[in-house]
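Chains as they are written, first to last, in the numbering used here: chain A, 1 to 413; chain B, 1 to 413; chain C, 1 to 151; chain D, 1 to 151.
Since the hints were derived computationally from the structure, they do not count as laboratory data.
Glycine residues also receive a C-beta, built at the ideal position from the N, C-alpha and C atoms.
A portion of the hints provided could be inaccurate.
No farther apart than 27 angstroms at their CA atoms in a straight line, the calculated lysine-lysine pairs in the DSS-like style are these [what the hints assert, rightly or not]:
#: 1; chain 1: A; residue 1: K28; chain 2: C; residue 2: K129
#: 2; chain 1: B; residue 1: K171; chain 2: B; residue 2: K117
#: 3; chain 1: C; residue 1: K129; chain 2: C; residue 2: K35
#: 4; chain 1: D; residue 1: K129; chain 2: D; residue 2: K26
#: 5; chain 1: D; residue 1: K129; chain 2: B; residue 2: K28
#: 6; chain 1: A; residue 1: K117; chain 2: A; residue 2: K171
#: 7; chain 1: D; residue 1: K35; chain 2: D; residue 2: K129
#: 8; chain 1: C; residue 1: K26; chain 2: C; residue 2: K129
#: 9; chain 1: B; residue 1: K117; chain 2: A; residue 2: K117
Covered by chain A, per the in silico footprint, the following chain B stretches (three or more residues, Cβ under 8 angstroms) [unchecked claim]:
#: 10; region: 19-26
#: 11; region: 40-54
#: 12; region: 255-263
#: 13; region: 353-365
#: 14; region: 392-403
From chain A, some residues computed to sit far from chain D (all C-beta separations above 10 angstroms) [stated by the list, open to error]:
#: 15; residue: L9
#: 16; residue: V115
#: 17; residue: R143
#: 18; residue: L147
#: 19; residue: I160
#: 20; residue: G170
#: 21; residue: A309
#: 22; residue: A314
#: 23; residue: A347
#: 24; residue: D403
#: 25; residue: E410
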Amino acid sequence: MNDFSPATLDIARIRSDFPILSQTVHGKPLVFLDSAASAQKPRAVIDAMVNAMETQYANIHRGLHWMSERTTEAYEATRDDAARLLNAADRAEIVFTRNSTEAINLVAHSYGRGVLKPGQAVLISAMEHHSNIVPWHMLRDDRGIELRIAPITDAGELDIDAFERKLEDGKVGLVSITHMSNVLGTYTPAERIVQIAHAHGAKVLFDGSQAIVHRRIDVQALGCDFYAFTGHKLYGPTGIGVLWARRELLEAMPPFLGGGDMISSVTDERSTWAAAPHKFEAGTPAILEGIGLGAAIRWVEAIGYDAIAAHEQALTEHAMSRLSTIEGLTIIGRAQDRGGVVSFTMAGAHAHDIATLLDRSGIAVRAGHHCAEPLMRRLGIDSTARASFAAYTLPSEIDALADTLTRVREFFG
Amino acid sequence: MNDFSPATLDIARIRSDFPILSQTVHGKPLVFLDSAASAQKPRAVIDAMVNAMETQYANIHRGLHWMSERTTEAYEATRDDAARLLNAADRAEIVFTRNSTEAINLVAHSYGRGVLKPGQAVLISAMEHHSNIVPWHMLRDDRGIELRIAPITDAGELDIDAFERKLEDGKVGLVSITHMSNVLGTYTPAERIVQIAHAHGAKVLFDGSQAIVHRRIDVQALGCDFYAFTGHKLYGPTGIGVLWARRELLEAMPPFLGGGDMISSVTDERSTWAAAPHKFEAGTPAILEGIGLGAAIRWVEAIGYDAIAAHEQALTEHAMSRLSTIEGLTIIGRAQDRGGVVSFTMAGAHAHDIATLLDRSGIAVRAGHHCAEPLMRRLGIDSTARASFAAYTLPSEIDALADTLTRVREFFG
Amino acid sequence: MSLDDLRDLYQEVILQHGRHPSHAGKPATYAATAKGDNPMCGDRVQVFLSYDPAGRIVDPRFDARGCAISIASADLMAEAVAGLAPDEARRVFVRFRDMARTGECADPDETMELLRPLAGVHQYPSRVKCATLPWHALMAALEGEGQATSE
Amino acid sequence: MSLDDLRDLYQEVILQHGRHPSHAGKPATYAATAKGDNPMCGDRVQVFLSYDPAGRIVDPRFDARGCAISIASADLMAEAVAGLAPDEARRVFVRFRDMARTGECADPDETMELLRPLAGVHQYPSRVKCATLPWHALMAALEGEGQATSE
Ligand SMILES: Cc1ncc(COP(=O)(O)O)c(C=O)c1O
Ligand SMILES: Cc1ncc(COP(=O)(O)O)c(C=O)c1O
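The shape of chain A in the complex, shown without the other chains (with noise of 0.2 angstroms):
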């Protein structure tokens, strides 16, 4: 059953790493395969924030004791983390921000509403979750600025030439598109999209929410404009994201928000700002998360990212090639390029049904329409359910999934 060797990734040690794995779920053990909403926490992550709350804890940035001068280095320190994670020039390019969804909705505000001019449009793809595309909904129907679309295959991958063909009138300002699909998978061909897109003058935003989790990422390398992810996919914790952004794009940008911290200086009636990336962190900002964060990015690198990418690959294969076998099962997304997600349906079962009989079993998964309801449109279904994988997933797991899925299939056969 299990013809799956692992990577070199030392499981054992790693799962070790992560207290709730050992926990039963209606007396089953643990078998979680929701990653891709978010992921569990490794023991580092909790004990940095724990040791912020208990021995250092202080608001930061304008404290002049011990305590703050403590928290600030441990808060700052996430930024040099980040920064060096995504391979940023500069540590003033990382801006925090709650998570994915506010990073975005940040360019669609600061960079939407302050640089882009009425009449320039916004492409994103076929396959975009709600957090990248209600914001441009939202600036479109605020300021004029037009929503294009760039369509996907039927193998859920991107349709470079059509693409292409979205930007030639030369009115994209900027392309908005995923780095990798919460639904399918697929990672879209990111030096492609940067190279395309410059060239007819469009600036790039890649929403790497789960791009990240399963590869390195080096934005220079890369080339785009923009890189937003969220902290709590990443193995942190909940309430901390990252907007990095290139510094003169920053710098030309309007802030979002309005509060402590972002302002050089402020009188009844005029406002002025701070440098970035401060102009757009408004308020006491998410201290302890950006501390458990940079616990995360630490315990990642040690790991490293082509361990991790070696194991969530041959995980990958193992599912697709159990899933295939199921009969009435049907793998959603058939992308080369893909990660560690696998989203399917099946004859007679709906998603809902399959995940409340998998989550008797133990096993967690999601299901519904991810949040990615065009791309549900445009495959003609209402809903999949997914199985995501992470660095502590291990193939057994997968057997698992799959032996049950078997059952599935019989109970409403």
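On the provided structure of chain A, position chains B, C and D with the ligands as indicated by the hints.
Relative to chain A, chains B, C and D with the ligands alone:
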């Protein structure tokens, strides 16, 4: 020296809830008098977050499996906690934000741009935190909505007659005002403000960032329309805040950020919105922080506002009387109705130097403009040092402050 | 790993109604209709109502995309409310919603016995909405509103 | 509780220059000026420069609102850069900034000895900016920019 008799609080027990309070700083026991910037976290908050990460974490709302259901329950329970804390009529009136700053920005965007009309005005006071100034500058510059500022008296109280005059022409659509000044400690006369504002057709938002830490808040009794607070000052984690608003207002307001979780449906062409509060909560929320905030609220409720208020009242009186006797020290703000923050200046010693000297003795205070530059200008000063108190503050800590300030005075004398 | 303890949720009658609903399909004519959406998961249902001269519900029908629970619930609902006056249907809704949330039914009668197979959802908080969605659409149709508001 | 270990930061010379700076005050005429703000704490300083025919800095002056550290730093800076060519002043700035951050000075000379009392700030990360703020304003004035950009 210590003529202070503790109120009904069992301070020793309360202090034992806070692991950080047994830390030393520069070899001296920590005397943390910077709680108005951010409060320390009780064990209950730390444990709630750790427990969530170790035993039942998953992304919420859309998950059909056990972990997701448990996490959703825990997170949504905090909405009930917050509704109870504020005595809101309906849990759907609780919108989670990152902090007070984002809560106020949300109102400035959604109510300010979506409901107020150019030509209308917003009225703030002369003792606002930047978080309740800058968003209105931005709204004014973006949408032509006038910004008015109600003056304060030399004692540091709202000049209520002048306040009323600012409303007389009926142009003010929204009063956005602090419920307690973070610099002066002044409570504003909330019921009176609401009465006057409503009589002139204006809605009222209270910035309750400070007030809610020290006093029971009942939004229905206050009669206000919006109430904002921030979790990290209420013994909760960073990254989570609350905007309460009357349901009909939330319904009339367009959404703020777009993304997952806040939609009813998304097509290529358009998005429609979920009902409040979800309409205002785009993307994966600060789940762990929401869970931590619930624990903080329950911790505060278990101690009880009556005991906290009495304790802090006594501390404040003690501080005022001890500090008043120090030569060259001036207490800034002499309001009748005031909470547990005391700002002061000292002849010949700049606030930063005071803070550094105190820090060397293990005493943490804040120094600077406290994100209230216009107030500083009104008071004719550049900065103050500020000591602020919490449920865990000891009268002996105030004595330590006073003793050390006497030495600081000698040092610079 | 056994799925047998799922039988409390997926009773045979639910599987049956989920697979072969007898009241599905948009009728040629109807007096009122309303849609219900669950934005969180994408389930959709539309309910179509006709009334007899006395104002009682006649041959209620629905068109749904969703899971076995929501289809079975819509189908059983159609059976349960056929012949009822709007106010009676509203009372059944309230009792059904309570049963879906708690698993208990305080005052069982023939109608509630018909619906009882759905009581198992109370163990699955995220699935309660699947069971109540068609009912919210029904309530909206009775009020003459086009769209059910979610809870 | 003793404040004596503060003497490493607040040496007598700093207290002296902080209390009675000799180069404070806006001059009647000047060739260049720039402001420096620390938005985090509200410190402000403005530097005024004049040059001799050879392009050397003459009688630099400043106007500052801030703490003892920033005033003393501005005053010692004025002493240190008087008579220097702009490029020499820039080099002093770089060495001073390093010393403020690390507490060390790799290549001490007379100028750096003059500034050494400020080396103690390296122990107080939040106060380093107090010491460097006037220098940032000086650099901006030398570049002909009106406003120092903060670090
Ligand atoms: C009165 C007042 N309003 C607003 C804020 C802003 O709170 P936050 O930074 O958590 O958004 C603060 C605290 O910094 C405050 O004291
Ligand atoms: C591709 C993609 N984009 C954006 C998001 C939004 O992330 P968040 O909810 O953390 O903002 C997600 C995950 O939900 C995602 O998978």
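Results of checking the hints against the structure:
Only pairs whose Cα atoms come within 27 angstroms are accepted, and A/K28 paired with C/K129 is accepted, the gap being roughly 26 angstroms. Straight-line distance between C-alpha atoms of B/K171 and B/K117 comes to about 10 angstroms, which keeps the hinted pair within the 27 angstroms bound. Taking the CA atoms of C/K129 and C/K35, the gap is about 14 angstroms. The hint holds against a cut of 27 angstroms. At roughly 23 angstroms between alpha-carbon atoms, D/K129 and D/K26 fall within 27 angstroms of each other, so this suggested pair holds.
For the hint pairing D/K129 with B/K28, the CA-to-CA distance comes to about 26 angstroms; that is within 27 angstroms, so the pair holds. Note on A/K117 and A/K171: the hinted pairing holds, with a Cα-Cα distance of about 10 angstroms set against a maximum of 27 angstroms. Simply put, D/K35 and D/K129 have alpha-carbon atoms about 14 angstroms apart, close enough for the 27 angstroms limit, and the pair holds. Distance hint between C/K26 and C/K129 is fulfilled; the C-alpha atoms sit about 23 angstroms from each other, no more than 27 angstroms.
Between the alpha carbons of B/K117 and A/K117 the distance comes to roughly 23 angstroms, so the proposed pair stays at or under 27 angstroms and holds. Taking a C-beta to C-beta cut-off of 8 angstroms, the region 19-26 of chain B contributes 5 residues in contact with chain A, enough for the three needed, and the coverage statement holds. Under a criterion of three residues with beta carbons nearer than 8 angstroms to beta carbons of chain A, the stated coverage of the region 40-54 of chain B is upheld, 8 such residues being counted. Interface restraint, the region 255-263 of chain B with chain A: holds (8 residues with C-beta to C-beta distance below 8 angstroms; minimum three).
Given as covered by chain A, the region 353-365 of chain B passes the check, having 7 residues with a CB less than 8 angstroms from a CB of that chain where 3 are the minimum. Here the region 392-403 of chain B counts 0 residues with a CB under 8 angstroms from a CB of chain A, which misses the bar of 3, and the coverage is violated. With a least beta-carbon separation of about 38 angstroms from chain D, A/L9 lies farther than 10 angstroms from that chain, consistent with its non-interface assignment. Every CB of chain D is more than 10 angstroms from the CB of A/V115 (nearest about 21 angstroms), matching its label as outside the interface.
A cut-off of 10 angstroms between C-beta atoms confirms that A/R143 is not in contact with chain D; the least separation is 30 angstroms. Annotated as non-interface, A/L147 keeps its C-beta farther than 10 angstroms from every C-beta of chain D; the closest such distance is 36 angstroms. For A/I160, the shortest C-beta to C-beta distance to chain D comes to about 41 angstroms, beyond the 10 angstroms cut-off, and the non-interface label holds. Listed as outside the interface, A/G170 is consistent with that label: its C-beta sits roughly 34 angstroms from the nearest C-beta of chain D, beyond the 10 angstroms cut-off.
No Cβ of chain D approaches the Cβ of A/A309 within 10 angstroms, the least distance being about 37 angstroms, so the stated non-interface status holds. The beta carbon of A/A314 is kept farther than 10 angstroms from every beta carbon of chain D, the shortest such distance being approximately 46 angstroms. For A/A347, the non-interface assignment is confirmed: its Cβ lies about 62 angstroms from the closest Cβ of chain D, beyond the 10 angstroms cut-off. With a least beta-carbon separation of about 57 angstroms from chain D, A/D403 lies farther than 10 angstroms from that chain, consistent with its non-interface assignment.
With a closest Cβ-Cβ approach of about 65 angstroms to chain D, A/E410 is found to remain outside the 10 angstroms limit, as its non-interface label requires.
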